[in-house]
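Undergrad: One letter stands for each residue in the lines below.
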Amino acid sequence: MSASGLRGRIETLPVPRPNLEGVHRLAEVHGKAVAKRRALGRSAAMVFLTLLVAGPIALLSPLRDEGGTEQRQSATSLERVEGPGMTAELPAGWDGRIEYIAGGAPAFEGANFPLTGVPLIAHPTSAEQTIVAIVDWTATCPCPGFEPRSLPLSVERAAFEARSGLPDPIKGFRTFPESHDFVRFAFRIEQRYFTLLVEAGSRPISERSLSEVNAVLRSWSPTGSLQGSPAGEIDQICPEGGPWLDPDCPEAQWVLLIVRQAGFRLDGDTGSAFTIQGQGPLLNIWMSSRLEEPVSPSDLQAEGYDRWIRIQGTQVYAGGEAVTWISGDLNVWVRPWGESGRPSADDITALVEASLKDPFAYGKSSSSA
Amino acid sequence: MDGATVLEPESEGLREEFASLYSREFAIVYRVTCLVARDGEAAEEATQEAFARALERWATLAGRPWAGAWITRVAVNEAKRARGSRWRMVPLDHDVGTPEADWGSIISLRVAMRGLSRRQQEAVILYYMRDEPLAVVARTMGCRIGTVKSHLSRARGSLHEFLEGDDER
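Chains as they are written, first to last, in this note's numbering: chain A, 1 to 369; chain B, 1001 to 1169.
No wet-lab data here; the hints were simulated from the structure. Since the structure is predicted, the reported quantities are computational estimates derived from the model, not experimental observations.
Not everything, but these chain B residues come out facing chain A in the computed CB check (under 10 Å):
hint : residue
1    : I1028
2    : R1031
3    : W1058
4    : T1060
5    : M1141
Derived DEER-like restraints, expressed as beta-carbon distance ranges:
hint : chain 1 : residue 1 : chain 2 : residue 2 : range
6    : B       : G1115     : A       : S150      : 34 to 42 Å
7    : A       : G341      : B       : E1161     : 46 to 54 Å
8    : B       : G1146     : A       : G263      : 33 to 41 Å
9    : A       : P281      : B       : P1065     : 16 to 24 Å
10   : A       : A92       : B       : S1153     : 40 to 48 Å
11   : A       : E178      : B       : A1062     : 47 to 55 Å
12   : A       : A92       : B       : G1104     : 28 to 36 Å
Glycine residues also receive a C-beta, built at the ideal position from the N, C-alpha and C atoms.
Can you make the complete structure from the sequences, with help from the hints?
TA: Put into structure tokens, the structure is as follows:
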């Protein structure tokens, strides 16, 4: 490689000081957070949704339609946050993000303090701190008990007085300090299902914090289709296949869907594949676009893949540790993560069957999403 | 991965091996991540995040010829993800190292890279910037060698002014 080439050019770029201790600290935080999610993740979410069904509808009433009568903050003081299925604006001094939580639900968080670590873990630690979180449960629903609402959103001061103790889907039955004001409830916008949490480090919430919270809520809106697909516009956003994990890509969302439908647990990702677990050891799963990269049986044979098993008429090929099959416009690939040997036939059968229920096709949103 | 997968103190050999890889790979991972991140701070965060994920999985990544490529890809994806979900401009004022950075060339390269498809970017980063063999690039990208070549071929059209001295091996 010549120094005048690409690598030579970037080698002039200054580099910050390496921080190996910081890497160890990050890894420890990851380990603790994932262990917590494993313990409380999916089952807690189902308990949460079940309780919502039985919960008093009064708990769902604090959300009201504003009709656009209140003034928004000036555009110059707002910062837009965009992510999978949602968008919002943040007042000056607020941090925000939209990321997937365990189980694959997109979550928006906005706070007037820095947000670090995994989503939905942060909470106010001083009187002036406030956090807003909205989770999109559409992929898990339809669910009863979510009150229909329209945009823009806002909350009234009276809503905080209910102090409703619905369980947090990540942390179980989360309790709030007596000194904190909070409100949480479930709502629906057409066929999209959300929960909202606002927590303030003071009680009652200050006028300024309430004003900022409502500025955020008024600016918040779901993106994509409101008919049940968290990101119906993604075909336009990610037209060329995209990376395996890009939350804006329909391919990645489809893989998450079949993983859920097959009853697998989402363990995380490797940066180039989702890490999942069914009955056997951890697996990596990703996809490639057949429009971009049509893989024929002869291509596979040339690379050492053989016909392995046939499931509902679909041929599954195996080459060494990797397994692949076609579902609609995608090739799905599965490989063991950190294990030797081929994934089990039971695990592959579950994934193939789930993938065939709603094969991925460019130009249409998944009907099951 | 649960907490138990983070290296324990008794895994001294693995710990040293990871430290060695970190020392060897940090600069190149950071530099290529800079090309797609919104700023230097985001590139640093994504780089640290990628190494942390590698550390969590080090018992299985250690000794793999594609470990560096894997970390690079995680960092690049993480930087792109952060770029899409949080926008803020942070000046690049905390860096140390070569003071004679060719910023004009780097910015031009950054603009040219953004004109590539995501798959082309990945192929260019792994092949031309990391100097990885085609087999490792294909393995890391989850596709065939022929597909990598196809991405590189298309990318070369957009990057020809930067590719002096770089030939497809």
